[in-house]
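**Q** Residue-level listing of the chains:
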Amino acid sequence: MSSSRRGLLLGGAALLLAGCGARAAPEEDAAGPAPAEERPEAELLGEAIAVKEMAEAAHEDARLAQIERTHIERLRTAIRALGEDPPVVAAVSEDDPETAEERTIAVLQGLLPRLSDPELRGLLADMMVVDAQQLAVLRLQAGADAAPGAFLSPGMPS
Amino acid sequence: MTSLSRREALLLAAAAPLAAAGSAHAAQASFPSLLARAHQLELATAVAYESTAGSGIPGDLAAAFARHERDQATAVQQALEALGARTLDEPESTADVAALVPGLPAAGATADERVRYLVTVEHSALDVHRSVLGATHHAAVLRTVASVMAAAGTHLAVLRDRLGDPPAATL
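So the protein sequences, as listed, match chains A and B.
Each residue of the first sequence is one higher than the one before, counting from 220 in our numbering.
Each residue of the second sequence is one higher than the one before, counting from -16 in our numbering.
The following block holds chain B by itself, in its conformation from the complex (with noise of 0.2 angstroms):
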């Protein structure tokens, strides 16, 4: 696939599953579209810590981030495949997260403005979760989804923090 291509199929499937969410009905068929949007965009937050978005905050605590999506990534992996659904194509580069997330920082951004687009790409996939939470009973789905989106709000403190912005009360 080809650089444009894949950001192209890339844009695609990140816009149907929400589209789709329009109402309750719908947002219940496309649960396991919502769930590889998820699993998509957990691989791309690993991918964001992995690259000059990462470099916002210390390199060991971005490596432990990126790991720690990376196995949210394969646990929501599993749970498609006990579903038999199909992953979406999966972000690689930081070429592919600016597809899913725009407002990747640009070479001579600040810390600042890396660990802000970190902070938007975590709540991307949030929102995402969030989404898959409304569309399924699935008590093991919620489970495991609601202690990714808890794990996600531990990095969100800690960008905040280095932010110098205050708990929010929020999302």
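Isolated chain A, as found in the complex (with noise of 0.2 angstroms):
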């Protein structure tokens, strides 16, 4: 990551902190407040499933389909427990594989703060740390530098 995006994301904490801060009710504590999210946690999962299966869609190598498919049934059962039934996703992918990991970790970085489930919010992100492995193998296979910064946030502006 360049310094300068690596300066947004610390100044974007910063500025929010400092905000809440600010508007802290008495009863806040310092987990800060709950995010204002209107739409039902398993529809957030049902984006989760969607990018998912385009990434699976786009991998060719077995060993990563395979994986988003583990992702994909256990982003089911969560929705399941939620009372509400998973969405059906006919992917098709015109992404090459890597494109695909880098838009599944974006995805699933902008869902994160959408959670007001803890729970939920761990699922996500155990799911976006395997996908940054997985874009990392595909830039080993690639012959590319795999771990090149110190932050992975493929949604950010750069």
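Don't take every hint at face value.
Residues of chain A placed beyond 12 angstroms of chain B at every Cβ, according to the derived structure [stated by the list, open to error]:
| id | residue |
| --- | --- |
| 1 | 258 |
| 2 | 304 |
| 3 | 318 |
| 4 | 339 |
Each pair of labels, with its calculated beta carbon distance range [to be verified]:
| id | chain 1 | residue 1 | chain 2 | residue 2 | range |
| --- | --- | --- | --- | --- | --- |
| 5 | A | 363 | B | 146 | 11 to 21 angstroms |
| 6 | A | 302 | B | 75 | 15 to 25 angstroms |
| 7 | B | 75 | A | 306 | 30 to 40 angstroms |
| 8 | B | 50 | A | 279 | 38 to 48 angstroms |
| 9 | B | 43 | A | 361 | 14 to 24 angstroms |
| 10 | A | 308 | B | 91 | 49 to 59 angstroms |
Simulated from the structure, these hints should not be mistaken for lab results.
Just so it is clear, CB atoms sit at the ideal spot from N, CA and C, and this is done for glycine as well.
Join the two chains into one complex using the hints; note that each chain is given alone, in its own frame.
**A** Here is the structure:
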């Protein structure tokens, strides 16, 4: 990650925290305010399924595709645990596998702050780390630098 | 601080937030201490890469990964400062790292044993970052921690590749 992107991240963190501190009601604790998300968590997990279905379709490496299928099944289980039916997604991907993994990481990172359930945040975070590993494996296979930076945020503007 | 008392302090500091994370309410209350613990483990991971354990991988790679860890520690420290929270004792030696993450390989350890220790240290840091994610709603902190965790994932992939281990579906 470039220093400018890192600066953006750090600056954003500081600004938001400072802002939260200014607004904090007495009953708010250090964990900060709950996200003002209006969409049900099952729908947010459905977004994760959609991007993972696309990643599975993009993978030519059977091992990596199997990992996506494992994640998709876990997300489906999580949605059922919320009392909802998981979406049926027929994904076709025109992305190369590396782009598909970057997209997946970006989507999961974007969903994390929108989930109020810490267990669901943990589930998506675990998957996101595995996706980052898959991205690195693809880069290794391409002879590229697999771990070029201290931060990996494909969805952040560069 | 003597070496022994420093290790004791590191161990005590390590145990407190993890014990506090036993319930959802406690986890929320301990968010700054978890973040401090994450900062401490990022620095420990940097020291590990700079130490004998880091010699299990090529020197330029170990140096790059150590820099990443210090950059990540800086990001976490800035979040801590924004919260008005304090950092924990900073690990400076391999003994400090071993106090936080047991299993430091002996001097005669093989390269694979050293790399496996690096994997253990990376996982220790990831575990605490994951606890942070569960303990806060601060969107910017969540994004920063997620970005750090993803980068840690790329480190793990490189280490696993050197060990000949396939990519894993779970952490």
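**Q** Starting from the hint 15 to 25 angstroms, judge whether the C-beta atoms of residue 302(A) and residue 75(B) obey it.
**A** violated, 51 angstroms
**Q** Could one say that the CB atoms of residue 363(A) and residue 146(B) fall in the range 11 to 21 angstroms?
**A** Taking Cβ atoms as reference, residue 363(A) and residue 146(B) lie about 20 angstroms apart, which means the hint holds.
**Q** Could you check that no beta carbon of chain B comes within 12 angstroms of the beta carbon of residue 258(A)?
**A** The claim holds: residue 258(A) sits with its nearest Cβ about 15 angstroms from chain B, beyond 12 angstroms.
**Q** Are residue 75(B) and residue 306(A) spaced within 30 to 40 angstroms by their CB atoms?
**A** At 51 angstroms between Cβs, range violated.
**Q** Closest CB-CB distance from residue 304(A) to chain B, is it above 12 angstroms?
**A** holds, 24 angstroms
**Q** For residue 339(A), is the shortest beta carbon distance to chain B beyond 12 angstroms?
**A** For residue 339(A), whose nearest Cβ neighbour in chain B is about 10 angstroms away, the distance does not exceed 12 angstroms, so it is violated.
**Q** State, for the Cβ atoms of residue 50(B) and residue 279(A), whether the hinted interval 38 to 48 angstroms holds or is violated.
**A** violated, 33 angstroms
**Q** Could you check the hint for me, namely that residue 43(B) and residue 361(A) are 14 to 24 angstroms apart, CB to CB?
**A** About 19 angstroms separates the Cβ atoms of residue 43(B) and residue 361(A), which means 14 to 24 angstroms holds.
**Q** Compute the least Cβ-Cβ separation between residue 318(A) and chain B, then decide whether it is above 12 angstroms.
**A** Holds: least Cβ distance 16 angstroms, greater than 12 angstroms.
**Q** Is 49 to 59 angstroms right for how far apart the beta carbons of residue 308(A) and residue 91(B) are?
**A** Holds: the Cβ-Cβ distance is about 53 angstroms, inside 49 to 59 angstroms.
Of the numbered hints stated above, those contradicted by the structure are hints 4, 6, 7, 8, listed in ascending order.
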